[in-house]
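> Chains as they are written, first to last, in the numbering used here: chain A, 1 to 216; chain B, 1 to 472; chain C, 1 to 87.
Derived by calculation from the structure, the hints in this document are not laboratory data. You may find that some hints are simply not true.
What the hints assert, rightly or not - Straight line, CA to CA, 25 angstroms or less: simulated PhoX-like cross-link-like pairs of lysine-lysine:
# : chain 1 : residue 1 : chain 2 : residue 2
1 : B       : Lys138    : A       : Lys178
2 : B       : Lys222    : B       : Lys233
3 : B       : Lys193    : B       : Lys138
4 : B       : Lys193    : A       : Lys178
As the list claims (entries may be wrong) - Here are a few chain A residues that sit away from chain C, every Cβ distance over 12 angstroms (derived from the structure):
# : residue
5 : Glu141
6 : Ala180
7 : Arg186
The model shown is predicted, which means the values in this text are computed figures rather than measured ones. Here a beta-carbon is modelled for each residue, glycine too, at the ideal position from N, C-alpha and C.
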Amino acid sequence: MHAVAEAMTGRPDSFPLPERRAQGSAAGAAQERVAWPPGDLAIWIFILAELAVFAIFFAAYAFARMGELELFVTYQQTLDTNLALINTLALITSSYFVVRAVGRIRADDAGGCIRWLAGALLLGGVFLGVKSLEYAHLFGEGVSLSTNTFYTFYLSLTFFHFMHVVMGMVILAAVAVKAAQGHYSREVHTGVETGASYWHMVDLVWLILFPLVYVM
Amino acid sequence: MLQYKSQAVAKPYFIAAIALFIGQILFGLILGLQYVMGDFLFPEIPFNVARMVHTNLLIVWLLFGFMGAAYYLVPEEAETELHSPGLAILMFWIFLIAGALTVLGYLLVPYARLAELTGNHLWPTMGREFLEQPTITKVGIVVVALAFLYNVGMTILKGRKTVVSLVLLIGLVGLAVLFLFAFYNPENLVKDKFYWWWVVHLWVEGVWELIMGAILAFVLIKLTGVDREVIEKWLYVIIAMALITGIIGTGHHYFWIGTPEYWQWWGSIFSALEPLPFFMMTVFAFNMVNRRRRNHPNKAAMLWALGTGVMAFLGAGVWGFLHTLAPVNYYTHGSQITAAHGHMAFYGAYVMIVLTIISYAMPMLRGREAANSNRSQVVEMWSFWLMTVSMVFITLFLTGAGILQVWLQRYSDDPQPFMVVQEKIELFYWMREVAGVIFLIGLVLYVISFFVGQRQPEASAKPLPAVSPAEA
Amino acid sequence: MTAIRPETLVWLLLVALTLLTWGVGQEGLNGPAVSLGLLGVALFKGHLVGDWFMGLRRVRGPWRWVIALWLLLPGGLIALAFLLAAR
Numbered sequence: 001m002h003a004v005a006e007a008m009t010g011r012p013d014s015f016p017l018p019e020r021r022a023q024g025s026a027a028g029a030a031q032e033r034v035a036w037p038p039g040d041l042a043i044w045i046f047i048l049a050e051l052a053v054f055a056i057f058f059a060a061y062a063f064a065r066m067g068e069l070e071l072f073v074t075y076q077q078t079l080d081t082n083l084a085l086i087n088t089l090a091l092i093t094s095s096y097f098v099v100r101a102v103g104r105i106r107a108d109d110a111g112g113c114i115r116w117l118a119g120a121l122l123l124g125g126v127f128l129g130v131k132s133l134e135y136a137h138l139f140g141e142g143v144s145l146s147t148n149t150f151y152t153f154y155l156s157l158t159f160f161h162f163m164h165v166v167m168g169m170v171i172l173a174a175v176a177v178k179a180a181q182g183h184y185s186r187e188v189h190t191g192v193e194t195g196a197s198y199w200h201m202v203d204l205v206w207l208i209l210f211p212l213v214y215v216m
Numbered sequence: 001m002l003q004y005k006s007q008a009v010a011k012p013y014f015i016a017a018i019a020l021f022i023g024q025i026l027f028g029l030i031l032g033l034q035y036v037m038g039d040f041l042f043p044e045i046p047f048n049v050a051r052m053v054h055t056n057l058l059i060v061w062l063l064f065g066f067m068g069a070a071y072y073l074v075p076e077e078a079e080t081e082l083h084s085p086g087l088a089i090l091m092f093w094i095f096l097i098a099g100a101l102t103v104l105g106y107l108l109v110p111y112a113r114l115a116e117l118t119g120n121h122l123w124p125t126m127g128r129e130f131l132e133q134p135t136i137t138k139v140g141i142v143v144v145a146l147a148f149l150y151n152v153g154m155t156i157l158k159g160r161k162t163v164v165s166l167v168l169l170i171g172l173v174g175l176a177v178l179f180l181f182a183f184y185n186p187e188n189l190v191k192d193k194f195y196w197w198w199v200v201h202l203w204v205e206g207v208w209e210l211i212m213g214a215i216l217a218f219v220l221i222k223l224t225g226v227d228r229e230v231i232e233k234w235l236y237v238i239i240a241m242a243l244i245t246g247i248i249g250t251g252h253h254y255f256w257i258g259t260p261e262y263w264q265w266w267g268s269i270f271s272a273l274e275p276l277p278f279f280m281m282t283v284f285a286f287n288m289v290n291r292r293r294r295n296h297p298n299k300a301a302m303l304w305a306l307g308t309g310v311m312a313f314l315g316a317g318v319w320g321f322l323h324t325l326a327p328v329n330y331y332t333h334g335s336q337i338t339a340a341h342g343h344m345a346f347y348g349a350y351v352m353i354v355l356t357i358i359s360y361a362m363p364m365l366r367g368r369e370a371a372n373s374n375r376s377q378v379v380e381m382w383s384f385w386l387m388t389v390s391m392v393f394i395t396l397f398l399t400g401a402g403i404l405q406v407w408l409q410r411y412s413d414d415p416q417p418f419m420v421v422q423e424k425i426e427l428f429y430w431m432r433e434v435a436g437v438i439f440l441i442g443l444v445l446y447v448i449s450f451f452v453g454q455r456q457p458e459a460s461a462k463p464l465p466a467v468s469p470a471e472a
Numbered sequence: 001m002t003a004i005r006p007e008t009l010v011w012l013l014l015v016a017l018t019l020l021t022w023g024v025g026q027e028g029l030n031g032p033a034v035s036l037g038l039l040g041v042a043l044f045k046g047h048l049v050g051d052w053f054m055g056l057r058r059v060r061g062p063w064r065w066v067i068a069l070w071l072l073l074p075g076g077l078i079a080l081a082f083l084l085a086a087r
């Protein structure tokens, strides 16, 4: 708590980014480290709070599984791992696109930033579509929240995450619109980094969720 | 000094709030005594009536406080006079008279008779905890709420729109909309309870948190001079977390009322995180004070603002978490642990936020420049500590009573009957009553603080030491 | 201009690790060792995202480790529950 409090106290309202490496150059160039993660600090507080919710959710899944091991192992096999694979790749790649979008705006290339964001949004759409297919299939089989503990968790966890994908896409779309209106540049692009950080969080959570619920 | 003349309508609301607060505490003391002397004041004021008055007065005076807060801060935020001060005063009297008549109804006639007199059979909504008001009173509340929202909404529409006033408005609209579920009273008991919580839970663990966040943000902007943008960012994060955890967290009331089992998971997981927004509010308050750009002469208001963060986190957050997980709640449900949580949560979050805004606004409403005299503030700060510390003790004693109760009555291999256990935890009830008396003394001091030091000059603030360029 | 960005390599690594996890699922391998191995892979992937995508690699002080520390929380609890379940 102290670290957080201190962090919240000391941070200037907006801070000039240290000179980032030149766009496109190789990494590893020695450079100064900064005290703050990219984007608005408020989004990081929110990300931490959200991650806390997911951490508790994951732990609850694992302990519920402990109580009904056979049931979890059995019903896990009814899930479609191939669709989950597509979705994982979609989120990872979309996260990567967002990294590129941030790189473009740091190079003062708003057009490139928008194109990468559009790609990321498209992949977010793929994720939502594939997930909806999965839900449609399961609901078609008569599965519901009350079917058993495994499905309670599967549906709750993935739907909670689904809503975060939606939320993340709304944020990315807003960032893209602002970029198109010319609000961002090499000097001023905290908004892009803020949206990017949230989107990476959505990706990060799925990277744990995927093996936990589908494979392990 | 008031920036806008129409802010003055907040004054009667605040005075009424404090008056009803006193009534609430007196009935609380009666109730506390009835726990150990069952026939105290029987048959004039039976336990169930005293409890009804204690809880209903709390809600009504907090609503007075919220409305007063809105009437005070919205003109200042919107930078314009209130849409209709006359409507605000009219609604004040309607609400006060309706509230007084309702309480008199509780006290003077048996509840069943009150139901009959007010035509409950035409549209039955009475008889449910916290929503005991006659249907006609409920209609009155809706009318007052609509007029209030219209008044405040029009003011915001015609003036500057700030995050603080918008969050406040969303909270107040939510409050009014959710109250409509008080009129829905299905035959099915499960459904009845299900929607009853939409009023009760989604008020205190949902939209009221927005109201609290907005009032706290307003007071902190004024007291610390920290940039509005910084405070607004915090407000966004806090209310987002409050809504995510609070809305699905409703599930912690759905464990044992006949709803599907998944509510045990949803309720446990999400409500376990309800302390987060309160924790953020505490960090928020202390941080803004650390980063303050000036010292405000109203030190008492600052104390309340910091106090509400801490006490809300303890009472709503920590004490709520204690019994929110389904496997724990299986044993603690409806025990004195619930009462302990209820007391500190309501005091820490909502009583203290209303007292914060009163403390901040009242000096200006009474013609001061920015703050009361030192003498008045010292008395007020004494009342802060007396009330807060005695509330901590009330909570601890009730927690002790609750743990013992759960142990003897539910958890043990050889569970004992309710009344037998009640006798065994009597000592805790006595200690709670003593702490309650001290709370009343604190409250009396609080009232006295409005009357002392009136002729003395205003307190002044020491200027901040020069700020280094790095921090500026 | 032609040098490959480190982020691109990280992305390829994430894809490869994902395929590995999926492959293990396809093979029907199970048991606590497999589960914990997959969990380790997942935590490593999370760390890569935190460091390279979220940019914490360039941060000093407490924020540098915020994602890594978070990963340990669910990671530890999941590992504990899986180990207890396998007993």
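> Each hint needs a verdict: does it hold in this structure or not?
Results for each hint:
no. : hint                   : result
1   : B:Lys138 with A:Lys178 : 46 angstroms, violated
2   : B:Lys222 with B:Lys233 : 16 angstroms, holds
3   : B:Lys193 with B:Lys138 : 18 angstroms, holds
4   : B:Lys193 with A:Lys178 : 46 angstroms, violated
5   : Glu141                 : 20 angstroms, holds
6   : Ala180                 : 23 angstroms, holds
7   : Arg186                 : 16 angstroms, holds
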